[in-house]
Amino acid sequence: MGQGLWRVARNQQLQQEYGEHWDAGPGLDGDPQDLGMEMGANPGQAPPSPRLGDLGGGPLPPHPHPRRHPQHCQGADIYQLLRAHWGKEQQGFIDLEMLPPELSITILSYLNATDLCLASCVWQDLGHDEYLWQGLCKSTWGHCSIYNRRLPYGFSYRRLYMMLDEGSLTFNANHQEGISYFMSKGILVDHPKELAKFIFCTRTLNWKMLRVYLDERRDVLDELVTLHNFSNQFLPNALRDFFRHIHAPEERGEYLETLITKFSHRFCACNPALVRDVGLSPDAVYVLCYSLILLSIDLTSPHVKNKMSKREFIRNTRHAAQNISEDFVGHLYDNIYLIGHVAA
1 MGQGLWRVAR NQQLQQEYGE HWDAGPGLDG DPQDLGMEMG ANPGQAPPSP
51 RLGDLGGGPL PPHPHPRRHP QHCQGADIYQ LLRAHWGKEQ QGFIDLEMLP
101 PELSITILSY LNATDLCLAS CVWQDLGHDE YLWQGLCKST WGHCSIYNRR
151 LPYGFSYRRL YMMLDEGSLT FNANHQEGIS YFMSKGILVD HPKELAKFIF
201 CTRTLNWKML RVYLDERRDV LDELVTLHNF SNQFLPNALR DFFRHIHAPE
251 ERGEYLETLI TKFSHRFCAC NPALVRDVGL SPDAVYVLCY SLILLSIDLT
301 SPHVKNKMSK REFIRNTRHA AQNISEDFVG HLYDNIYLIG HVAA
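For the sequence shown, our numbering gives the first residue as 1, with consecutive numbering after it.
These are computed hints drawn from the structure, not numbers from a lab. As the structure is a computational prediction, the values presented were derived from the model and not from experiment. Glycine included, every Cβ here is placed at the ideal spot set by N, Cα and C. Please note that a few of the clues may not be correct.
Restraint-style ranges between C-beta atoms, simulated for each label pair [said to hold, decoys possible]:
no., residue 1, residue 2, range
1, Pro192, His128, 33 to 41 Å
2, Asn148, Asn229, 19 to 27 Å
3, Ala113, Arg244, 45 to 53 Å
4, Thr226, Asp283, 17 to 25 Å
Keeping only pairs whose Cα atoms sit at most 27 Å apart, straight-line, the calculated BS3-like set for lysine-lysine is [what the hints assert, rightly or not]:
no., residue 1, residue 2
5, Lys262, Lys197
6, Lys197, Lys138
7, Lys138, Lys193
8, Lys138, Lys185
9, Lys185, Lys197
10, Lys262, Lys208
11, Lys193, Lys305
12, Lys193, Lys208
13, Lys208, Lys185
14, Lys197, Lys208
15, Lys208, Lys138
Work out the full structure: start from the sequences and follow the hints.
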């Protein structure tokens, strides 16, 4: 039910299985004959030598070093607590209610919403902890208008998570109904900047519906573009980052031209030194972006048999962007050739 829970349970299981054998080893507090009886040897016989598969490692030395007592380790109180409440006869997971609350909540924070709901059936107080559900909400929907409000008494992040999930599913079916749902529940405010932040920090929205919505709400699209920071990024990498948040249309048209135009102005605004040293301008970046998209299709499409060479790409691009050096254009070609499509 989660990585943290599994690790604690596994460590305790290993301590119980093998810890008792080394607490009383030869030359320490135990008797060799008793050790032989514990390991299954007959009375009067020498204890059998450990085999390779017994502990999952290589052969042990004839006189193993004594295991350090738990009191000398960090976290001895937790160790003693586990030993006291979990005897040999008990099997399965540790009861998290026996651990310190901070440790239990840290373990449960590794769970997703489904597993946390199941855990709340066993550990009701821990599974319904508001800090856990608050973390789940903000890790999935990074920005909502409701986060910045003064929450009323009795507010439940668990209930908010269910509403956010319901709103996302509604948006993926119909973008207008989804946004209306968020606003009706007070989760979002009908302001372009708030809507842009919500889209920028959310990964659960269907990209096709999102593309239709942004095409209809150009004011939200403008705010979404300004949230990107392309400082010190190579042009193809910046274009990939842009298309990861704002998916490119499947065919050329007015919407694609609008996206590239907005990207070109934002890229130049984030890299004034590059504009000054290399000679880039929004118009030149616009031409280079189209060249990179066409080159990406040419190099990655299986239908194109004769791939464009680096020399051809430099020659074709220099005709459209004369102020750009050949070395810079050559680096653009190398990036597409090695990494792949800019709008995949």
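Hint check:
no. : hint                          : result
1   : Pro192 <-> His128: 33 to 41 Å : holds, 36 Å
2   : Asn148 <-> Asn229: 19 to 27 Å : holds, 22 Å
3   : Ala113 <-> Arg244: 45 to 53 Å : violated, 24 Å
4   : Thr226 <-> Asp283: 17 to 25 Å : holds, 20 Å
5   : Lys262 <-> Lys197             : holds, 17 Å
6   : Lys197 <-> Lys138             : holds, 13 Å
7   : Lys138 <-> Lys193             : holds, 18 Å
8   : Lys138 <-> Lys185             : holds, 17 Å
9   : Lys185 <-> Lys197             : holds, 18 Å
10  : Lys262 <-> Lys208             : holds, 20 Å
11  : Lys193 <-> Lys305             : violated, 45 Å
12  : Lys193 <-> Lys208             : holds, 21 Å
13  : Lys208 <-> Lys185             : holds, 24 Å
14  : Lys197 <-> Lys208             : holds, 18 Å
15  : Lys208 <-> Lys138             : holds, 24 Å
Taken one by one, the earlier hints fail for this structure at numbers 3, 11, listed in ascending order.
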